[in-house]
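So the protein lines, in turn, are chains C and U. Position 252, counted from 1, in the first sequence is what the UniProt record's numbering calls 252; the numbers after and before it change by one each time, with no gaps. Position 132, counted from 1, in the second sequence is what the UniProt record's numbering calls 132; the numbers after and before it change by one each time, with no gaps.
Keep in mind that the hints were calculated from the coordinates and are not lab data. Ideal placement from N, C-alpha and C gives every residue a C-beta, glycine not left out.
Below, simulated DMTMM-like cross-link-like pairs (lysine to aspartate or glutamate); rule was C-alpha separation at most 25 Å, straight line: (1) U/124 to C/97; (2) U/98 to C/76; (3) C/74 to U/69; (4) U/98 to C/112; (5) C/110 to U/94; (6) C/110 to U/97.
Have a look at the derived ranges for each label pair, beta carbon to beta carbon: (7) C/73 to U/72: 18 to 28 Å; (8) U/415 to C/208: 24 to 34 Å; (9) C/439 to U/321: 27 to 37 Å; (10) C/51 to U/422: 32 to 42 Å; (11) C/96 to U/425: 28 to 38 Å; (12) U/188 to C/69: 52 to 62 Å; (13) C/259 to U/257: 29 to 39 Å; (14) C/430 to U/325: 18 to 28 Å; (15) C/94 to U/257: 13 to 23 Å; (16) U/321 to C/26: 55 to 65 Å.
Counterexamples of contact, computed for chain C against chain U with all Cβ distances above 10 Å: (17) 34; (18) 37; (19) 54; (20) 64; (21) 66; (22) 74; (23) 124; (24) 262; (25) 286; (26) 291; (27) 292; (28) 318; (29) 348; (30) 392; (31) 400.
The primary structure of each chain is shown beneath.
Number of protein chains: 2
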Amino acid sequence: MRRKGLASMAVQTVAPATGSTGTTVDLGPASGLSCRECGEVFALGPIFACELCFGPLEVAYELPAGDPEELRRKIEAGPANIWRYAPLLPVPADVAEKPNLNPGWTPLVKADNLAREIGVEPGKLFVKDDSGNPTHSFKDRVVAQALEAARAFGFTTLSCSSTGNLAGAVGAAAARAGFRSCVFIPHDLEQGKVVMAGVYGGDLVAIEGNYDDVNRFCSELIGDPLGEGWGFVNVNLRPYYGEGSKTLAYEICEQLGWVIPDQLVIPIASGSQLTKIDKGLQELIKLGLVEDKPYKIFGAQAEGCSPVSAAFKAGHDVVRPQKPNTIAKSLAIGNPADGPYVLDIARRTGGAVEDVNDEQVVDAIKVLARTEGIFAETAGGVTVGVTRKLVENGVIDPSLTTVVLNTGDGLKTLDAVADSSQATATIRPSLDAFRDAGLAH
Amino acid sequence: MRRKGLASMAVQTVAPATGSTGTTVDLGPASGLSCRECGEVFALGPIFACELCFGPLEVAYELPAGDPEELRRKIEAGPANIWRYAPLLPVPADVAEKPNLNPGWTPLVKADNLAREIGVEPGKLFVKDDSGNPTHSFKDRVVAQALEAARAFGFTTLSCSSTGNLAGAVGAAAARAGFRSCVFIPHDLEQGKVVMAGVYGGDLVAIEGNYDDVNRFCSELIGDPLGEGWGFVNVNLRPYYGEGSKTLAYEICEQLGWVIPDQLVIPIASGSQLTKIDKGLQELIKLGLVEDKPYKIFGAQAEGCSPVSAAFKAGHDVVRPQKPNTIAKSLAIGNPADGPYVLDIARRTGGAVEDVNDEQVVDAIKVLARTEGIFAETAGGVTVGVTRKLVENGVIDPSLTTVVLNTGDGLKTLDAVADSSQATATIRPSLDAFRDAGLAH
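Work out the full structure: start from the sequences and follow the hints.
Here is the structure:
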């Protein structure tokens, strides 16, 4: 974790706690940024690393006090998107009236067919399906937070490094909100993700290298005058951005009747999503919105990019970077920034981190489609595949409530299943031809 | 409209008003099937054409009587999907508890940026964006109704002829509900639609011919013992299937605060969707859920398959079939079954039917993406393009509330915009290379 470089950039881009209008920044209940390592608190601004210890910053809150029942009712009466949780997010109270994509409140699907297929007790397995978000991945949740921060800090260009899904989410959100956008992707992405990143009319820059190269480049750009005035959603706006993943925890619990599930299976790319889901669950407990109870968090990686899984299995606290080689490109981050925190959470909750190979990913995509009618992208194949593996190994308890995340859409990673999902037969339009094809049921 | 053939098949497949269990068919408020031409009423069953006059059958209801305010409250307290309208649909009251895809309650997006771009008064233009449905098209709405009918009539195989979107919707719904599926598509569909139709594990049959050939083949199959026991969602279950489109009307009005918009722009393939949206609006008026007021319905076609637009412009009551040649394949039905009814409705409401060419379709897709962050499939390009054209021609009033439908997802028709939505630049990961590319803002 090359923190020195990050911190010196943070100092360069530090801003006062007021937006470009000179008024105090209004990000709702967000009261400041606190260092995850040393606890030092900073004013809200486009900074992401602690000046003292170089630790990552995260949003600190003054969360609503008072009757949990009343807060629950207020949330339940809110819009069918993430803004029902606005009182718990770093956004102004009137966020739902501003132009944005209004993601979230995606289905929590009771997956009885899948449960039977992989040996879980029917009624106990759920898929949180984020493919219905506006740009068909969970990234709409995090970008929506970063956009509000960008507005508050007076940025006019939205940017990011991306493995594809984020590029589309930033492009779309910027278009709706009237921002310019310039997004950076590895040059070898899936065609669907490239077109989706380009169609919204912003600048789309392909970098000759993998995601870690793209990320390094963006870190350089943000410290250079060339990047001045740019809001990089996952760099200088990262503390706000990350908070969007908490909404997955909120929705899952509310959809289960304000109950924390016993087991959650979450994909790991940078690891941010998993750590923020844990943060969201802890907040719900603190607020009294759910009862405190034990839960286990399981992280899922693809074998071809499994630095966190490798560290977990080896009993290490540090994550050794890997050079990714997997079809699960949205998870192909070889040097995951939040890897050590993921290890902490998996161990603290009694969970685990596991990985599956590309063949198992493809198989899991098809099992999920065949059993539940959900067409997941490769990242969903990873979580479903890992769930199956952990059930088989006796690590996941099949009699307890388990929620598996599908964070993206199969239409963006068609190549993974294209060869094996073609027409069963091609025939002339005649009954004889149909009879000869042997498909009558 | 070769009605004789259809009617004789209807007689062959007629069933008693009881399901396979021998109990009375429970499809909620649906009381029978009535002929759209002569008004004759039949018992609920898997039939689709009148025995007397060969006219198409549609569902007749005993709709809930009583206080509209109470019904509105009941609907508003319902689930965030089409089943909030279960009391107005041909489905059992407990439909939400059965395994299905729970589509609907998709966003009605206030499209101020698009409004400014095409000359509509900001605040007056809305996009009903159905790309967030489970299989990313409005077809999930209609299939969900057909599935309940199939359950009620004891079918175990779900089938359809499809231009692509329907195939995916049937495959997914069948998988979730535990039905077998066998879907029929033209052999030259977009890759995304083929893979999505195949991934759910049912049989996928490519027919050498266009959609009209596929449709003809399915009509033959349903009259043959080979097709016995099959529920063809858009043939022998068509009366139920079509009702799903009413939910678009319900949602639009509820999302506008229980108000009918002044103008609606709706794509025309078979024309069924447009006629059922009109039916839905009329029901809302009858039930007192909205105030009675004038509204204009505009139909949108692609120039390369514009039989209804041609008939409208020529002042004809009959629709002359065309051989489709357009990139808007989901609308490429050269012989649209409901064409004459569409003409009636456009004329009765003071609307129109218009078409745009493929270049305008592509341009409209990109305008919608660039202004609102919505990536539509070609059918959405058709409706947005037609809206722009009708505003320019002074046919649509830019000062009145207008709702434009986007019925599908850009990821399924990537080819339409792939050439023009690639990376702005491909560079090495260095600041110098970025500077040289001239993209600094």
